[in-house]
Amino acid sequence: MEKFSLGNAVSLPAWETLCPEPFFTGETLKETLIGGQAFRWFWDCTNECWIGGWASHVVALRLNDQRLESARLTSQTTPDDILHYLGIDRVQPWIDQLPCNADPVLESLRQRWSSLSLLRQPAEETLLAFICSSNKQILQIRTMLHNLSIRFGTKIPGTPLSTLPDWKSLANVSEADLRACALGYRAAHIAGTAAFLRESPDFLRTINQLPLADASDALQRLPGVGPKVADCLLLFGYGFAEAFPVDTWIEKILKEKYPDLAKWNRVQLATFARIHFGKAGGLAQQWMFAEARTNK
1 MEKFSLGNAV SLPAWETLCP EPFFTGETLK ETLIGGQAFR WFWDCTNECW IGGWASHVVA
61 LRLNDQRLES ARLTSQTTPD DILHYLGIDR VQPWIDQLPC NADPVLESLR QRWSSLSLLR
121 QPAEETLLAF ICSSNKQILQ IRTMLHNLSI RFGTKIPGTP LSTLPDWKSL ANVSEADLRA
181 CALGYRAAHI AGTAAFLRES PDFLRTINQL PLADASDALQ RLPGVGPKVA DCLLLFGYGF
241 AEAFPVDTWI EKILKEKYPD LAKWNRVQLA TFARIHFGKA GGLAQQWMFA EARTNK
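Numbering (UniProt numbering), first residue to last: 1 to 296.
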């Protein structure tokens with residue numbers, strides 16, 4: 001379990017059943033929340049639950065007899081908000097689009113990870129997170145975002161979290177102050193992206209109107225956004241299910257599972273993935289990432 005303290009013990013409101021039918025396992029809930037998609041979830045040892053948030057929402061989640069329960073720490077948050085964020089409704093339709101029957105590798109992954117979900121996250125937050133992700137491990141990304149939220153976000157009353165700063169606010173923060181949040185060279189990328197978005201405030205809202213390739217090219221105009229970060233943003237922030245981010249772990253597992261790809265570079269691997277896995281390839285990517293993370 002990755003360690004990250006929220007400080008004092010959290011007082012939770014009443015638990016309520018979110019999904020009457022079992023969906024997640026303990027393993028797939030954990031990987032959905034802290035497996036590299038999102039970085040604002042933490043394990044509360046006292047209450048034995050996950051606490052996290054997105055935008056101005058903060059909730060606790062747990063499995064009780066395999067049924068998902070929630071405790072809403074922010075009064076404006078509804079059960080529908082949580083279910084929409086968790087993206088459970090998209091999982092089976094995406095699985096149905098994958099070539100599991102024709103691919104033993106994929107079928108083996110499906111058997112373990114079929115209840116892993118892809119979260120619906122705010123694009124602005126996802127962009128900030130994955131600019132921070134460059135050459136960093138998950139715990140380090142969580143630390144950077146926590147630092148940014150404490151220093152430049154807004155405390156969410158009655159919860160242990162603060163909001164992440166929006167890009168308009170970040171445009172008024174100096175690179176030196178960003179570096180004080182343990183961002184290193186990523187501070188320049190965040191400052192540059194904030195300046196870009198100040199001049200083009202509608203830029204992020206236009207991305208989901210573009211085809212995948214054009215959307216990726218557009219995002220790569222932003223400082224600190226290359227092909228992999230663009231694919232992460234498209235998959236996790238915009239819901240482009242065919243986006244297939246290729247990092248070191250994905251490159252390794254693709255070459256291990258598909259030996260004919262052993263000499264291929266990352267561009268070639270990404271092309272293979274989009275053709276082979278199709279319109280729901282991003283879900284297959286997360287299965288592979290979870291497999292690599294848990295078997296390391």
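For the record, the hints were derived by calculation from the structure and aren't laboratory data.
Backbone N, C-alpha and C fix where the C-beta goes; we use that ideal spot for every residue, glycine too.
Fair warning: there could be bad hints in the mix.
Quick list of simulated restraints, FRET-style, between CB atoms [stated by the list, open to error]:
id	residue 1	residue 2	range
1	Q220	T78	48 to 58 Å
2	G184	R266	37 to 47 Å
3	V267	N208	15 to 25 Å
4	N135	T78	20 to 30 Å
5	P20	K263	27 to 37 Å
6	P22	Y185	21 to 31 Å
7	A9	V267	43 to 53 Å
8	S75	Q268	13 to 23 Å
9	E251	Q111	41 to 51 Å
10	A188	K168	52 to 62 Å
11	A188	T248	18 to 28 Å
12	P259	K155	31 to 41 Å
13	A182	Q111	33 to 43 Å
Listed next, the in silico BS3-like pairs over lysine-lysine satisfying Cα-Cα at most 30 Å (straight line) [said to hold, decoys possible]:
id	residue 1	residue 2
14	K279	K255
15	K168	K257
16	K252	K279
17	K263	K252
18	K257	K30
19	K136	K296
20	K252	K155
Now for the hints, and whether the structure bears them out:
no., hint, result
1, Q220 with T78: 48 to 58 Å, "violated (36 Å)"
2, G184 with R266: 37 to 47 Å, "violated (23 Å)"
3, V267 with N208: 15 to 25 Å, "holds (24 Å)"
4, N135 with T78: 20 to 30 Å, "violated (38 Å)"
5, P20 with K263: 27 to 37 Å, "violated (50 Å)"
6, P22 with Y185: 21 to 31 Å, "violated (44 Å)"
7, A9 with V267: 43 to 53 Å, "holds (48 Å)"
8, S75 with Q268: 13 to 23 Å, "violated (50 Å)"
9, E251 with Q111: 41 to 51 Å, "violated (23 Å)"
10, A188 with K168: 52 to 62 Å, "violated (19 Å)"
11, A188 with T248: 18 to 28 Å, "holds (23 Å)"
12, P259 with K155: 31 to 41 Å, "violated (52 Å)"
13, A182 with Q111: 33 to 43 Å, "holds (39 Å)"
14, K279 with K255, "holds (21 Å)"
15, K168 with K257, "violated (44 Å)"
16, K252 with K279, "holds (22 Å)"
17, K263 with K252, "holds (11 Å)"
18, K257 with K30, "holds (24 Å)"
19, K136 with K296, "holds (16 Å)"
20, K252 with K155, "violated (40 Å)"
Against the hints set out earlier in the document, violations occur for numbers 1, 2, 4, 5, 6, 8, 9, 10, 12, 15 and 20.
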